Amino acid sequence: MTVYAIAQITIHDRPRYERYAARFLPTLQPYGGRLLAADEKPQPVEGSLTCQKVILLAFPDEAAFRAWEASPDYETIAVDRRAATTGHVVLVQGLG
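Going by this note's numbering, the first residue of the sequence shown is number 12, and it counts up by one from there.
If you are wondering where the hints come from, they were derived from the structure by calculation, not from laboratory data. Do not rely on the hints blindly, as some may be mistaken.
Across the chosen pairs, the derived CB separations fall in these ranges [to be verified]: (1) Val56 <-> Thr87: 33 to 41 Å; (2) Gly107 <-> Asp50: 21 to 29 Å; (3) Arg34 <-> Pro71: 21 to 29 Å; (4) Gly107 <-> His23: 36 to 44 Å; (5) Pro71 <-> Ala94: 24 to 32 Å; (6) Pro83 <-> Val56: 37 to 45 Å; (7) Asp72 <-> Gly98: 23 to 31 Å; (8) Tyr15 <-> Glu51: 15 to 23 Å.
Quick caveat, the model's predicted, so the values are computed rather than measured. We put the CB at the ideal spot given by N, CA and C, even for glycine.
Could you put the whole structure together from the sequences, leaning on the hints where they help?
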């Protein structure tokens, strides 16, 4: 079943984040991951929003997401994301 990773982040070190972002997409492809949305001006509909950027990823299943997240290619670049941003990532199950 498809799973979605939703990241809500605030960027504190733009050059380091851009270095991460430039290498990000190729890490998804071997795991069937897809970037569905990335918005630096998300519009809150209800409640307040404390992040600067929202990212939505899709993976074929949780095993694919976990394999991508633990992959050496992603771990190598994730160091930059972790150093350049604060926020959180949640994994949600798709329907059907």
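We went through each hint and held it up to the structure:
{"no.": "1", "hint": "Val56 <-> Thr87: 33 to 41 Å", "verdict": "36 Å, holds"}
{"no.": "2", "hint": "Gly107 <-> Asp50: 21 to 29 Å", "verdict": "26 Å, holds"}
{"no.": "3", "hint": "Arg34 <-> Pro71: 21 to 29 Å", "verdict": "22 Å, holds"}
{"no.": "4", "hint": "Gly107 <-> His23: 36 to 44 Å", "verdict": "38 Å, holds"}
{"no.": "5", "hint": "Pro71 <-> Ala94: 24 to 32 Å", "verdict": "29 Å, holds"}
{"no.": "6", "hint": "Pro83 <-> Val56: 37 to 45 Å", "verdict": "38 Å, holds"}
{"no.": "7", "hint": "Asp72 <-> Gly98: 23 to 31 Å", "verdict": "24 Å, holds"}
{"no.": "8", "hint": "Tyr15 <-> Glu51: 15 to 23 Å", "verdict": "19 Å, holds"}
Of the numbered hints stated above, none is contradicted by the structure.
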